[in-house]
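Based on the sequences and whatever the hints tell you, model everything.
Letter by letter, the chains look like this.
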Amino acid sequence: MKRRTVLQSLLSMPAAAALPMEARSQQAQGGAPANRETPATATVGAEVAADAIIRTFNASQFAALRRLGDILMPAATGMPGAAEAGAAEFLDFLIGASGTDRVMLYRDGLDRLNAEAKRRYDKAFREVTAEQAEPLLAPLRASWTYSETKEPFARFLLAAKSDLMLATMNSREYNAAAAQQGRRAGGAGRYWYPIE
Amino acid sequence: MTDHDVLIIGSGASGGMTAHELTRRGIRCLMLDAGPAVDFARDTGLKNVYDLPYRGFGQPGRFPHITQANEFNANAWADEKQNPYTYDPGSPYYWVRVRLIGGKTLLWGRASWRLSDFEFKGKDHDGFGENWPLSYRDLAPYYDRAEPLLRVSGRKEGFRQIPDGVFLEDTSPDSESIQRFLAAAKARSIPTTKPRRATGNLASSVNLLLPDALATGNLQIVSNAVVREITLDKNTGLANGVNFVDRRTTREFHAAARIVALGASALESTRLLLNSRIANSSGVLGHYIFDQFYVKNVVTAIVPEARNGKATRGLMGGSGYIPRFRNLDTREKNFIRGYAFDFGSGGSPGANLFPLYGEALLKEMAATAGTQFSMTTMGEVLPRQENYVSIDPQVKDAWGIPALHIQHRYTDNEFAMARDSMNVADELCRAAGFEVLAKHWEMVPPGESIHELGGCRMGANPKTSVLNAFNQAHDIKNLFVMDGSAFVSGGSQNPTLTISALAMRAAEYMADQMRRGDI
Ligand SMILES: Cc1cc2nc3c(=O)[nH]c(=O)nc-3n(C[C@H](O)[C@H](O)[C@H](O)COP(=O)(O)OP(=O)(O)OC[C@H]3O[C@@H](n4cnc5c(N)ncnc54)[C@H](O)[C@@H]3O)c2cc1C
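Residue numbers (my numbering), protein chains in the order written: chain A, 1 to 196; chain B, 1 to 519.
Simulated from the structure, these hints should not be mistaken for lab results.
A virtual CB, placed ideally from N, CA and C, is assigned to each residue, including glycine.
It is possible that some hints are incorrect.
Stated by the list, open to error - Simulated crosslink set (DMTMM-like; lysine to aspartate or glutamate; CA at most 25 Å straight-line): (1) 150(A) with 88(B); (2) 150(A) with 442(B); (3) 439(B) with 151(A); (4) 81(B) with 101(A); (5) 363(B) with 131(A); (6) 81(B) with 196(A); (7) 47(B) with 51(A); (8) 47(B) with 196(A).
As the list claims (entries may be wrong) - Selected chain A positions facing chain B (in silico; Cβ < 8 Å): (9) 71; (10) 141; (11) 161; (12) 170; (13) 171; (14) 189; (15) 194.
This is how it looks when you write it as C-alpha cells:
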C-alpha cells in the first residue's frame with residue numbers, strides 16, 4: 001500500500017488515538033455541532049494527501065537512504081519501520097532545511113555507501129542485503145563515546161541511525177500503531193503557540 | 001505621567017519577589033518586562049508530535065545555543081536572532097533566555113537548595129576569591145520565608161552544606177534501586193537526600209508572586225517594554241528612571257521613579273548597567289561571571305534485574321541528590337570547592353548508547369525499557385576576573401541596543417572536579433550492582449546550566465565590588481540589582497532560591513530606607 005493510502009486509512013481511525021484524554025475532549029469540543037457559528041474547518045496535513053518532492057538528495061542517494069532506513073529501523077513486532085513512516089522522505093526535507101555541513105555529511109555518506117556497495121558487490125546500496133550491508137555499517141558497532149567522532153562516514157552513520165529512528169518513532173503511522181497496541185510512542189506534549 | 005516609587009525591570013524570580021515584598025509594604029511599583037504575558041489557555045495546547053512541522057526535531061538552526069529548546073516549547077525562548085550576543089571563536093557561551101512575563105521561572109526545573117557558609121565564607125575555607133559581605137545567618141530568615149512561598153518540598157537532614165529549611169516534608173518511599181544506591185553511597189560516607197523542589201502545576205512568579213502583588217493595587221506591569229538604559233538626574237547623579245522601547249512598535253518611552261531595581265537576569269542586568277555607563281567606579285562591573293558546570297549523564301547505567309519487562313514500580317523510579325561532599329573537612333589534592341549530583345531511576349537508555357542497529361537494537365531497547373539509572377554532575381565554577389561580559393560595539397539587538405560579548409572559560413579546577421565526579425559516579429553505580437553503559441566527564445559549554453551569576457558582585461569594599469550587602473549600588477544609592485548578578489560565588493546549588501531570598505532581603509532594606517527618607 002502506498003504510504004499516502006496508509007495515511008488516509010489512519011485518518012479513518014479514531015482521529016487522535018495517540019492524544020491523551022484531555023486533548024481528545026478539547027478536540028471533541030472544537031468539532032461539536034454547537035459551534036456552528038464559528039465552525040472549525042477540518043483540514044489534513046500535506047503529508048496525508050500528497051507525496052513529498054525529493055529535493056535534497058539525487059535519485060541514487062535517496063534510494064540508498066531508503067535502504068539504510070530498512071536496515072537501521074525495520075518494521076518489527078507490529079510497529080512500522082522507516083519505510084512505512086516515510087522517514088527518508090521526511091529526512092530529505094529536514095536535512096535540506098539544515099545547514100550545508102549537515103547536507104554534505106549526508107550526501108557524502110550516502111555516496112560512500114553506494115561506492116562501497118559497488119566496489120564490494122557491484123551493485124547499488126539500495127540492492128544490498130542486510131548481511132551484505134554489515135561490513136559497510138561497521139562504525140555503528142563501535143562503543144559509545146561522548147565526543148562526536150571526527151571521521152565523517154562514521155558521523156554520518158550515527159546521525160542517520162538516530163535521525164531515521166526518531167523520524168520513524170515520531171511519525172503518525174508509528175504513533176497510531178502504538179495506540180492500537182495500547183502504548184504511547186513519541187506522543188503528545190504541551191505546545192507553545194507564538195505568543196502575540 | 002504617574003511617578004512610581006520603585007521601577008522594577010524584569011518579572012522573573014528576582015523582579016517578582018521584589019514586587020511581592022515592596023507592594024505589600026504599600027510601595028507603588030511599576031514593573032517593565034521585555035516580553036508579553038502568557039495566557040496559558042490561549043497560548044499553549046496539547047499537540048501530537050507528528051502534527052508538528054518538523055516531527056519533533058525542531059526547525060533546524062533556530063536555537064543554536066539553547067539545547068533545552070524543542071519543537072513543543074520553541075516559541076517560549078528568546079529569539080536568538082533578535083537578541084544576538086557574541087563570544088570568542090573557540091569559547092562558546094550558551095546564553096539561555098526567556099523574554100516573557102515570568103521570565104525563566106515559566107520553565108525552570110525548580111530545584112531549590114540553600115547556600116551555606118561554605119559559599120558565603122568560602123575564602124575563609126580555602127583562601128580563594130572573596131567572601132560574601134553577609135553570612136548564612138543573615139539570609140536564613142529570608143530563606144525561611146521564601147521556601148513556603150515557592151512551596152518547596154524536601155527532607156530535613158541536618159547537613160551543614162545544604163542547611164535544612166521550611167519544607168513540605170517529602171515522605172515518599174524509595175524504590176529498591178534507589179535504596180541500593182543510597183546504601184552504596186552511605187558505605188562510602190557520601191551524603192544523599194531527597195530532591196528539594198518547588199511544587200505545584202506551575203511554580204513561577206506569574207502564579208506565586210505577581211498575583212499577590214497585583215492584588216495590593218500597588219503594582220502596574222507594562223509588558224513588551226524593552227529597557228534600553230537607566231537615566232540619571234544630572235544634578236544629583238541619582239537614577240531617575242529608564243528609557244525603554246516598545247517591543248512591537250519600537251516607540252520610545254521614559255518611565256520615572258524614585259528607585260530603580262534591576263531584575264532582568266544576571267547578564268541582562270549587567271548589560272543594562274554597561275550600556276548606561278554607570279555603577280562602575282570599581283571597574284569590576286561585568287567581571288567575575290560564573291555559573292555551575294554540568295556533566296549531563298556523567299554515568300548512564302541500567303539496573304540488570306529490571307531487564308525484560310521487570311522494571312516494576314517497586315524496583316525502579318524516584319530520584320535524589322548528593323550534596324557537595326568534597327573539601328568540607330578534608331582537602332582534595334587536585335581541586336578546591338566541590339560538586340553535587342542529581343540521580344534518577346527509571347526511563348530508558350537512548351539508542352545511541354548501544355553499538356547496535358536494526359532488529360538487534362530494537363530488541364535491546366525493548367529489553368532495557370525502564371531500566372535506566374543516571375546521574376548528572378553540577379559543580380562549582382570559580383568566579384574569576386578574566387571571565388567577563390562587555391559591550392560589543394559592532395552588534396545590536398532588534399531594538400538597536402548594543403549586545404553583549406561574553407568571555408567565559410572553565411579552568412583546571414572545574415576539569416579536575418568533573419573527572420573526579422565521573423569516577424565517583426561510576427564507583428557508586430557499580431557498587432549498587434548497576435551495569436554502567438556509558439560514562440564521561442565532558443562539561444556542557446558555559447551558560448548551558450542556565451545558572452548565570454555574577455557581573456555586579458556584592459562586597460563590603462566599593463573598590464572591589466559593585467553592590468553592597470543589600471544589593472544596592474555603591475555608586476548610586478537609589479539603584480539596586482536584585483538578581484543573580486550580585487552573587488560573589490555560587491557553590492554547586494541551583495541558585496534561584498538564593499536569588500529569591502536575597503531579593504526579599506534587599507526589598508525589605510529598600511523599604512526601610514525609603515521610610516527613613518534615606519533614599
Ligand atoms: C529550563 C530551565 C531549568 C531551570 N532549572 C532551575 C532549577 O532547577 N533550579 C534553579 O534554581 N534555577 C533553575 N533555572 C534558572 C532559573 O529559572 C533562574 O535562576 C531564575 O529564573 C532567574 O531569575 P531572574 O529574575 O534573575 O531572571 P528571569 O527569571 O529570567 O527573569 C528576567 C526577566 O527580565 C526580562 N528582561 C530581560 N531583559 C530585559 C530588558 N532589557 N528590559 C525589560 N525586561 C527585560 C525578561 O523578559 C524576563 O522576564 C532554570 C531555568 C530554565 C530555563
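Each hint tested on the structure:
Restraint check: the Cα-Cα separation between residue 150(A) and residue 88(B) comes to about 23 Å, which is no more than 25 Å; the hinted pair holds. With a C-alpha separation of about 16 Å, the suggested pairing of residue 150(A) with residue 442(B) holds against the 25 Å cut-off. For the suggested pair residue 439(B) and residue 151(A), the alpha carbons sit about 21 Å apart, so the restraint of at most 25 Å is met. For the hint pairing residue 81(B) with residue 101(A), the CA-to-CA distance comes to about 20 Å; that is within 25 Å, so the pair holds.
With a CA separation close to 18 Å, the supplied pair residue 363(B) and residue 131(A) stays within the 25 Å bound. Among the hinted pairs, residue 81(B) with residue 196(A) is consistent with the structure: their alpha-carbon atoms are about 18 Å apart, no more than 25 Å. For a cut-off of 25 Å, the pair hint linking residue 47(B) to residue 51(A) stands: about 23 Å separates their Cα positions. In summary, the hint linking residue 47(B) to residue 196(A) is supported, as the alpha carbons are separated by about 19 Å, within the 25 Å threshold.
Proximity of residue 71(A) to chain B holds as hinted, the smallest CB-CB distance being about 6 Å (cut-off 8 Å). With a cut of 8 Å, the hint placing residue 141(A) at the interface with chain B holds, because the nearest CB-to-CB distance is about 5 Å. Taken as an interface hint, residue 161(A) checks out: its beta carbon lies about 6 Å from the nearest beta carbon of chain B, inside 8 Å. Here the hint on residue 170(A) is kept, as its CB sits about 4 Å from the closest CB of chain B, short of 8 Å.
The interface hint given for residue 171(A) is met, as the beta carbon of that residue sits about 6 Å from the closest beta carbon of chain B, less than 8 Å. Among the interface hints, the one on residue 189(A) holds; its C-beta lies about 4 Å from the nearest C-beta in chain B, closer than the 8 Å criterion. Interface restraint check: residue 194(A) against chain B, minimum CB-CB distance 5 Å, threshold 8 Å, status holds.
Consistency note: the structure conflicts with none of the earlier hints.
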